[in-house]
Amino acid sequence: MKDETCIVIENRHISKKYYMLKIKAPYLAENAKPGNFVMLKASSGLDPLLKRPFGVFNTNYPFTWVYYEVVGKGTAAIANLRADDPVQVLGPLGNRFPAFTGKNILLVAGGRGIAPIHYAICDYAPANNVFLIYGARSAGDLNLVEELKGLGLKKMFLYTDDGSAYQKGFVTTDIRRIIADHHIEVTVSCGPDAMFESLAHEIGGIGTENWVSLEALMGCGFGICYSCAVKTTADEYKKVCSDGPVFKMEEIAWQKQ
Amino acid sequence: MKDETCIVIENRHISKKYYMLKIKAPYLAENAKPGNFVMLKASSGLDPLLKRPFGVFNTNYPFTWVYYEVVGKGTAAIANLRADDPVQVLGPLGNRFPAFTGKNILLVAGGRGIAPIHYAICDYAPANNVFLIYGARSAGDLNLVEELKGLGLKKMFLYTDDGSAYQKGFVTTDIRRIIADHHIEVTVSCGPDAMFESLAHEIGGIGTENWVSLEALMGCGFGICYSCAVKTTADEYKKVCSDGPVFKMEEIAWQKQ
Amino acid sequence: MAKTIDLSVDLGFIQLKNPIIPASGTFGYGEEFQAFFPLDILGAFVLKGIYKNPRKGNPPPRIHETAAGLLNSIGLAGPGAEELKKIIKRTASITNTPIIVNVCGESDEEYLEVAKIFDVMEEVSILELNISCPNVKAGGKCPAQDRDHTFRLVKQIKENTQKPLMVKLSPNTHDVPAVALAAQEAGADCISLVNTFLGVAVDLKKRAPVFKNVFAGLSGPAIKPLALKLVWEVAKTVSIPVIGMGGITSGKDVLEFVLVGASAVQTGTINMAEPCASVRIIKELEETMEALSITNLSEIKGRLKL
Amino acid sequence: MAKTIDLSVDLGFIQLKNPIIPASGTFGYGEEFQAFFPLDILGAFVLKGIYKNPRKGNPPPRIHETAAGLLNSIGLAGPGAEELKKIIKRTASITNTPIIVNVCGESDEEYLEVAKIFDVMEEVSILELNISCPNVKAGGKCPAQDRDHTFRLVKQIKENTQKPLMVKLSPNTHDVPAVALAAQEAGADCISLVNTFLGVAVDLKKRAPVFKNVFAGLSGPAIKPLALKLVWEVAKTVSIPVIGMGGITSGKDVLEFVLVGASAVQTGTINMAEPCASVRIIKELEETMEALSITNLSEIKGRLKL
Ligand SMILES: Cc1cc2nc3c(=O)[nH]c(=O)nc-3n(C[C@H](O)[C@H](O)[C@H](O)COP(=O)(O)OP(=O)(O)OC[C@H]3O[C@@H](n4cnc5c(N)ncnc54)[C@H](O)[C@@H]3O)c2cc1C
Ligand SMILES: Cc1cc2nc3c(=O)[nH]c(=O)nc-3n(C[C@H](O)[C@H](O)[C@H](O)COP(=O)(O)OP(=O)(O)OC[C@H]3O[C@@H](n4cnc5c(N)ncnc54)[C@H](O)[C@@H]3O)c2cc1C
Ligand SMILES: Cc1cc2nc3c(=O)[nH]c(=O)nc-3n(C[C@H](O)[C@H](O)[C@H](O)COP(=O)(O)O)c2cc1C
Ligand SMILES: Cc1cc2nc3c(=O)[nH]c(=O)nc-3n(C[C@H](O)[C@H](O)[C@H](O)COP(=O)(O)O)c2cc1C
Ligand code: FES
Ligand code: FES
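Chains as they are written, first to last, in this note's numbering: chain A, 1 to 257; chain B, 1001 to 1257; chain C, 2001 to 2306; chain D, 3001 to 3306.
Isolated chain A (complex conformation):
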């Protein structure tokens, strides 16, 4: 991991509040593994003060891509970046998705959770049978479908909560059937907390090996501030940034469970 000033190559508006940032970050591009994340800050100013965490969407030396949604002042500042602007980059951070070969893997993404899942697809597709469930609030939140089509997925299931595009429903709507139909052995998911809670409820005990990539408020991103606590089933706190962000689903104490 390195704390560097990198250069913005492109900051493309995708839809609604979603953007794709491409940065020139050789060290990051060389070292980031699927599941890793980076901390970004648009300027060296004092407000916003802290960097913000983002999953690695993809890398291609010397470039790294980040797919993000504007939700507050940190992401708004990042959305204002333009080609040639400097950006503060700390990474790669966190653990990675486990490696698999010859498995039937179901990836599950909710909204911007597609970011690390995209990188996982790139990693898994060549040597596994990879399926994707991808859902979001509505049409404009379900982006990058064309890009996903080129990644060698066995099958893709797309949902919007409001039915404004593809199937109306949630990522959990048909998941048990999909798992059964395709003899899924492993699931890897990323999305909002509410999605994880439903997921844990649906597939928690059905025998698949389930991995999740969590979000949490992060102060530092590398394990020193204890901001990013998540409760485990052992009734301890783990640090999402350095113990995760990838956890076994059963390790986490989901609230709804």
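Take these hints with a grain of salt, some might be off.
Listed next, with one range per pair, are the computed distances between beta-carbon atoms [what the hints assert, rightly or not]:
no., chain 1, residue 1, chain 2, residue 2, range
1, D, Ile3300, C, Asn2296, 54 to 60 Å
2, D, Leu3306, C, Thr2004, 32 to 38 Å
3, D, Met3121, A, Ala83, 49 to 55 Å
4, D, Asp3040, A, Ala83, 35 to 41 Å
5, C, Arg2152, B, Gln1255, 39 to 45 Å
6, C, Thr2004, A, His182, 49 to 55 Å
Source of the hints: derived by calculation from the structure; they are not laboratory data. Note that this is a predicted model, so its numbers are computed, not measured. Beta carbons: idealized from backbone N, C-alpha and C, even for Gly.
Dock chains B, C and D with the ligands against chain A, hints included.
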């Protein structure tokens, strides 16, 4: 005066820490008089918090130009603006340089003080005999000389403190001789406080009508916060933003005097 | 905007059309803002603090920007009470919005004198007692630093004036809720807080404090979390209405202060940075209330779920 | 950089190679930063606060960003003293930079117990007493809020330990210089300040405080003017060295704290935002000293021209 979001047309680096900002600000361009200033802020963020004051360099409906030097965080943020960016603009503010016809006028500018003086030249040159003394620390601080040449000045006297360009000296070095030689009746100056102090010493009592355009730390720019106090010879404080920024030289209590 | 959203605020002794009240020292004498928007849109507004006699104020520099904050040491420059009376008549002729006079004094006697002058002006709706003024007889301490002094002063003013009295607290004291309680017990009709926090800035080149008085008052977004805490503590303690302030710059900020217990708010530094801030904040407040299904501020006032 | 600039600092009981000391809770256990720069470049560093037993810390959210500031309510999560001993041995094996242990306790007894544990470790150079921990027996009040409690606690620790003792003050008390003086009288070798300011944040959607404990500690650039004031007041009051902190993000900030009287500084929140901040700040400090013709910090320490 209006508080508006305007659009940056161009933000050109001139030399060292000097820039020329061109904004599309129809109301301002239509209403700004020579000597007026504007308050600018690069973004709607909270740090920097306040707008910063700048003399109007020129206007040409619907455009306004501001010539500025980066000295701290407010001007640094403005220097980062690019074409099409929004910029917060409050103006026009303050009083104007008095109007003259048929006079021998000497304009005196120190460093970035050329900004309002430039606008004054545009205003005075058609109907008066206008002379300019312009000085700055060194070569890279004495900018826009070519632009000034096209404004119809009778004569221009250029100085650098360190002699790295033009005459070595200060704006005060030959001022008494210049006033005598060209039968100057009116002087109008803008520059740093130290320049005013020397000027007041040199030409305070020699019979010319002397006007100055002051700088001060400004909180609001329109007279409500009392931040921009300047001591007068009547031992009162005046507000640079709303009583000025243009004052009679003898009204101000110069420290060195 | 949906008709159903009601921004009005009832302070008991007065009804305001909305909770937005530009704060003393950051809104001039009101009339200067008429160039930007009609004063009629405001809930009320507070005039710059006034002493009996004209005051020059402190030598410059009088302000210094810090990270998301502003230090000021204006020194309460002003034209004196007689001149302010004229200004108020002028301002009152252009708006019906309630005018609040920020009463200052170097001694209890001066506070009372100033209060009486404006108490008899029908153009004035509320007196705000600025108990953060350094008191010459108390060795430069201000009444706000001392519960007993606050009680004495407020009582004396209440006994000699008719108008509703808002007492403006300083955060620079040991036990702010105790001072608030003293003000309430002495008869205050409502409390406003916070005034600025004492801070210091250093001029490295001069190796000297930026301000001649060394200390200056910190305001702006930097202080918002500290102000929210104090407003919450005071609102829990007193039963009279509390007017919250400190770093408010948005409609959301207003709702945060209302949730911790403020009946209305004052907006300070933002008026300097953005003269039209009031227009924006009122609009944002309405929009945010609609988005959060709040139809009236009284629904949420002090209703922080613990 | 010119050879003539000497960054070293003499605290009397220890010599530091420079005045930059990352602050407790913002620098982990030191070793995590070795990935970014050699710990040897630092003047010293303070480990995350430690209690006797492992602590889980508070439920999330534990941080909330405010304008140029950070509210935190981590709840002093940590592995307990025994585990920390192992970590310290590991860290000490990679650097000679003095290690400072931030001693916490829920009671005076626990403070003493923890202090004694680290007092006997040769790898530890200084004990920093974090007197801002809520004290279970004192109804949640922390020793730092009370002069007498501070005196008692510091005296007890000094009588039972050998290492230099740094007492870290809270700004959330009536009379900070008085508490500093009490610590000095009880035998403290130096003072550090400020810890975080109490603030509140509101979650509008939930209509609840952001933090379960309601209050959280404000740090970062937002508090710098308030911290400079308190450091100045304390440095004027005590004769032992003062370590200043609160919002430091640059070499210039360091010099401002030294001018108001700090012998050295601690850097907090900036280490979270920018892990390499120490490298940059040391470089900026050297450059700024050169630009201002300061060859040694002792030339300007406390020399604010009034
Ligand atoms: C490991 C990790 C990977 C991530 N990857 C991506 C990604 O690839 N793309 C993407 O768009 N986003 C991602 N996020 C989320 C992203 O970090 C946040 O949206 C961002 O930090 C918000 O910053 P802000 O300043 O814009 O919002 P703020 O102004 O800080 O916050 C706006 C609102 O969002 C809430 N909030 C912010 N962050 C979180 C969070 N992490 N959990 C819960 N609530 C939060 C705040 O409490 C507040 O209510 C990731 C987060 C983590 C921890
Ligand atoms: C009426 C008026 C017209 C002006 N016109 C121009 C112009 O045309 N072009 C231009 O480049 N600048 C002009 N200035 C100066 C300009 O406003 C300042 O340089 C700017 O506000 C600095 O902002 P900052 O945030 O970059 O610096 P800050 O970070 O605020 O300050 C940097 C340093 O400069 C000092 N400083 C800042 N402003 C002033 C000031 N006004 N007087 C004395 N010290 C100050 C600060 O105390 C600090 O030490 C004008 C000022 C006034 C009042
Ligand atoms: C430039 C300036 C002048 C002020 N003058 C006064 C005053 O005359 N009387 C008063 O009670 N408060 C005065 N204040 C304090 C404000 O009214 C308000 O309490 C404080 O700024 C906090 O609010 P804010 O953070 O929204 O600015 C002044 C504040 C500033 C910034
Ligand atoms: C996340 C976090 C954790 C902290 N933990 C501790 C701690 O364990 N012990 C302590 O004495 N201070 C702790 N502090 C306070 C800092 O050491 C420091 O006093 C404070 O943050 C002010 O400095 P700053 O503004 O530079 O951050 C913590 C601060 C933060 C932000
Ligand atoms: S974000 Fe700091 S420990 Fe995880
Ligand atoms: S800058 Fe506010 S009164 Fe002049």
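Each hint, compared with the structure:
1. D/Ile3300 with C/Asn2296: 54 to 60 Å: For D/Ile3300 and C/Asn2296 the Cβ distance comes to about 57 Å; the hint holds.
2. D/Leu3306 with C/Thr2004: 32 to 38 Å: violated, 59 Å
3. D/Met3121 with A/Ala83: 49 to 55 Å: Since the Cβ atoms of D/Met3121 and A/Ala83 sit about 53 Å apart, the hinted range of 49 to 55 Å holds.
4. D/Asp3040 with A/Ala83: 35 to 41 Å: For D/Asp3040 and A/Ala83 the Cβ distance comes to about 39 Å; the hint holds.
5. C/Arg2152 with B/Gln1255: 39 to 45 Å: holds, 44 Å
6. C/Thr2004 with A/His182: 49 to 55 Å: holds, 50 Å
Consistency with the previously given hints fails for number 2 only.
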